[in-house]
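Protein chains: 2
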Amino acid sequence: MSVTAAAGFVAGGTTAGLKPSGKPDLALVVNTGPEQVAAAVFTTNRVKAAPVLWSQQVLADGRLRAVVLNSGGANACTGPEGFADTHRTAEHVAAALTAVDPGGSTVGAIDVAVCSTGLIGERLPLDRLTAGVDALAGSLTGDGGQAAAEAIMTTDTRAKQVSYVDEGWSVGGMAKGAGMLAPGLATMLVVLTTDAVLDPALVQDQLASACRRSFERVDSDGCMSTNDTVILMSSGASGVRPAAPDFQAALDEACRDLALQLLADAEGAAHEIAITVTHAATEDDAVEVARAVARSNLFKCAVFGGDPNWGRVLAAVGTTAAAFEPDRLDVSFNGVKVCVDGSIGEPRDRVDLSGRSVEVKIDLRAGPRSATVWTNDLTYDYVRENAEYST
Amino acid sequence: MSVTAAAGFVAGGTTAGLKPSGKPDLALVVNTGPEQVAAAVFTTNRVKAAPVLWSQQVLADGRLRAVVLNSGGANACTGPEGFADTHRTAEHVAAALTAVDPGGSTVGAIDVAVCSTGLIGERLPLDRLTAGVDALAGSLTGDGGQAAAEAIMTTDTRAKQVSYVDEGWSVGGMAKGAGMLAPGLATMLVVLTTDAVLDPALVQDQLASACRRSFERVDSDGCMSTNDTVILMSSGASGVRPAAPDFQAALDEACRDLALQLLADAEGAAHEIAITVTHAATEDDAVEVARAVARSNLFKCAVFGGDPNWGRVLAAVGTTAAAFEPDRLDVSFNGVKVCVDGSIGEPRDRVDLSGRSVEVKIDLRAGPRSATVWTNDLTYDYVRENAEYST
Chain A
1 MSVTAAAGFV
11 AGGTTAGLKP
21 SGKPDLALVV
31 NTGPEQVAAA
41 VFTTNRVKAA
51 PVLWSQQVLA
61 DGRLRAVVLN
71 SGGANACTGP
81 EGFADTHRTA
91 EHVAAALTAV
101 DPGGSTVGAI
111 DVAVCSTGLI
121 GERLPLDRLT
131 AGVDALAGSL
141 TGDGGQAAAE
151 AIMTTDTRAK
161 QVSYVDEGWS
171 VGGMAKGAGM
181 LAPGLATMLV
191 VLTTDAVLDP
201 ALVQDQLASA
211 CRRSFERVDS
221 DGCMSTNDTV
231 ILMSSGASGV
241 RPAAPDFQAA
251 LDEACRDLAL
261 QLLADAEGAA
271 HEIAITVTHA
281 ATEDDAVEVA
291 RAVARSNLFK
301 CAVFGGDPNW
311 GRVLAAVGTT
321 AAAFEPDRLD
331 VSFNGVKVCV
341 DGSIGEPRDR
351 VDLSGRSVEV
361 KIDLRAGPRS
371 ATVWTNDLTY
381 DYVRENAEYS
391 T
Chain B
1 MSVTAAAGFV
11 AGGTTAGLKP
21 SGKPDLALVV
31 NTGPEQVAAA
41 VFTTNRVKAA
51 PVLWSQQVLA
61 DGRLRAVVLN
71 SGGANACTGP
81 EGFADTHRTA
91 EHVAAALTAV
101 DPGGSTVGAI
111 DVAVCSTGLI
121 GERLPLDRLT
131 AGVDALAGSL
141 TGDGGQAAAE
151 AIMTTDTRAK
161 QVSYVDEGWS
171 VGGMAKGAGM
181 LAPGLATMLV
191 VLTTDAVLDP
201 ALVQDQLASA
211 CRRSFERVDS
221 DGCMSTNDTV
231 ILMSSGASGV
241 RPAAPDFQAA
251 LDEACRDLAL
261 QLLADAEGAA
271 HEIAITVTHA
281 ATEDDAVEVA
291 RAVARSNLFK
301 CAVFGGDPNW
311 GRVLAAVGTT
321 AAAFEPDRLD
331 VSFNGVKVCV
341 DGSIGEPRDR
351 VDLSGRSVEV
361 KIDLRAGPRS
371 ATVWTNDLTY
381 DYVRENAEYS
391 T
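So the protein sequences, as listed, match chains A and B. Note that the working numbering gives residue 225 to position 225 of the first sequence, counting from 1, and the numbers run on in steps of one. Note that the working numbering gives residue 160 to position 160 of the second sequence, counting from 1, and the numbers run on in steps of one.
Treat the hints as calculated values from the structure; they're not laboratory data. Possibly wrong hints are sitting among the right ones.
Here are the in silico distance ranges between beta carbons for each label pair [said to hold, decoys possible]: (1) B/E283 to A/D284: 25 to 31 Å; (2) B/L202 to A/D284: 36 to 42 Å; (3) A/E346 to B/G17: 25 to 31 Å; (4) B/A84 to A/D349: 41 to 47 Å; (5) A/G79 to B/G335: 21 to 27 Å; (6) B/D127 to A/E346: 22 to 28 Å.
20 Å max Cα-Cα, derived EDC-like pairs, lysine to aspartate or glutamate [unchecked claim]: (7) A/K337 to B/E122; (8) B/K361 to B/E388; (9) B/K23 to B/D134; (10) B/K19 to B/D205; (11) B/K337 to A/E122; (12) B/K23 to B/E91.
Just so it is clear, CB atoms sit at the ideal spot from N, CA and C, and this is done for glycine as well.
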């Protein structure tokens, strides 16, 4: 149930002293092989943190030995100095791993990805970080997944992990982040591991596809981080080469599971909202419409207030370029069709929004496609978390 | 200082009983000529309220005798029945005006625009509305602007009016709406009047241009109403034909004045924020960047919390397609340049955000253009207004 669920991986977590709270803040995940196939998906924000710029270069060859992850600082918007800090971190990890020899060979900085999360615009205390790496490198184990998952938490209330076991091979993973709660920017960091033997030519597309229908459809507050990173590493240690569709299915399930864990841990939120758009002309249309609703502050406030305000849903739908006719839109909240033909449907007092889970369905009546985007409501606690607790 | 500031207009406001509060809820503005030149700008939301659909038709010929405006119900998403209600309202106003003869000639329904604001998805009580029209039609005066402006208020805390006097001609106006506070959808209704003699071929472009740099740059919460309407009517009663640039300047000033009144009356807000983007390659780039920041909930929460969080500004800038280099971005809050070259600038504790007015400047260093978008912070009261007070 962790990044070490798959064979061929060791991991660990420790307290390097980056966080004022004194909680664990440094994690290391190492692929001990025999293979080092890897892929990654990064934030599309043009303002990218130093560790993202570094890891993009590192992953360019589709190979990776290790990922070092820190909470307690995003190392974003820190200029050339911040990039140098990331570079030095990778060099230090490479030297430390070479010294303890977990994979049986020399490790170079170019084999080490770096992920950081925390406040933007502040340098990391590099001496503490490298001392933490030294402590961690010698204590990595095949049971270290849990400690690693705990060390990457920021305002997360629980560690997020997943595992998937098939015939002779498995997928493991951990994630950090939560939709609405993060001081900073709700950065999402994900490390996925597998001992399946993968086709290096396919793995990047497979990861991108899995992300597209999971992490990219969680849209808690519409804000895009400078640090988001999803890394997949394969050790090939099982010796089993699953059929591509089977591995894709496992990866999809692992990503979706972690994505919903992120959503459920949005501590500022009072509701988890699934917005499903049906009968869209294209999947892109369905996603565009669902995302527009997910980003409507008025809609999100209404859900917080227990109000199935379909008018605000329609107003958001109306801002999109998707194919639909305004007088042929149907909207339901938790199964009650409160809007029919773009007008008044069943009485809205039949809708019960007292539970945490809300399902909004929007029928565009324009085609065969559908998609779901997940979001949260907009609450006092969201404002508090993001107004009072960040500096 | 009202829609009746310009010669050739009478107006009035009354309580028709559309609002549960018993406050005034029906207004009428009538152009008594000699000319009836008119132009209008409507919401670009594809889900348009019945009065918008009606008024678009009415304004197609660039002529208008009267505008009837009601608060207490938006008549949006009310289907064909809602459109019939709007049509009947216009017919009733036309008959009532013809009966009292304020303009000296027969008035047709096609000469009457309708504006509505309030909750979406509910029919209006048409009997009360038409009775209100009857009461109003006989009591219109050249001093009725104030009463009209008060009758269109919803959660507005004060009536919003403007007047501009030039040599021998003038512009008057009233507006309703406020960025962040409205239960419903923060509908903005604006009626502008002038006694200047206008060129019918120019007036639509002149109004659109004025709106583009005023109302369209107030972006309190990113939500687009189904009912937004801006109508300009000219009586030509002054007999003065100002040069086109002079009239444009007056119109620009009147629109900007009203737009800032809307912003300042966002009662859920604790700060008015002007986001100015400078040195953009194009004006569109400048607006895109400023709007992205204006719509970042994390940025808006930070301002509420008194935190000049330039990292959240950069993260929002990074989501745009505007021309810039991430490592050449400068950001200042109230004159303190907290971000230089996309990295750490002056200490953020030098920034004082204790006042209501916040000025964020983003220098893209990519060209000669600039633009300002105005927004508000995201506060507990915004959530309360939009969660608890709407049904």
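Tested hints:
1. Between B/E283 and A/D284, the C-beta spacing of about 29 Å keeps the proposed range 25 to 31 Å intact.
2. Our hint of 36 to 42 Å for B/L202 and A/D284 holds, since their Cβ atoms are close to 40 Å apart.
3. Between A/E346 and B/G17 the Cβ separation comes to about 27 Å, which falls inside the hinted range of 25 to 31 Å.
4. For the pair B/A84 and A/D349, the beta carbons lie near 26 Å from each other, so the given range of 41 to 47 Å is not met.
5. One distance hint, 21 to 27 Å for the beta-carbon pair A/G79 and B/G335, holds here, with the actual separation near 22 Å.
6. Between B/D127 and A/E346 the C-beta distance comes to about 26 Å, which sits within the given range of 22 to 28 Å.
7. As the CA atoms of A/K337 and B/E122 are separated by approximately 16 Å, the hinted pair is consistent with the 20 Å bound.
8. This hinted pair does not check out: B/K361 and B/E388 have alpha carbons roughly 34 Å apart, beyond 20 Å.
9. Pair hint B/K23 plus B/D134 holds up; C-alpha atoms about 18 Å apart against a cutoff of 20 Å.
10. Taking the CA atoms of B/K19 and B/D205, the gap is near 36 Å; set against the 20 Å cutoff, the hint is violated.
11. Straight-line distance between C-alpha atoms of B/K337 and A/E122 comes to about 16 Å, which keeps the hinted pair within the 20 Å bound.
12. With a C-alpha separation of about 25 Å, the suggested pairing of B/K23 with B/E91 is violated against the 20 Å cut-off.
Comparing the model with each numbered hint stated earlier shows that hints 4, 8, 10, 12 do not hold.
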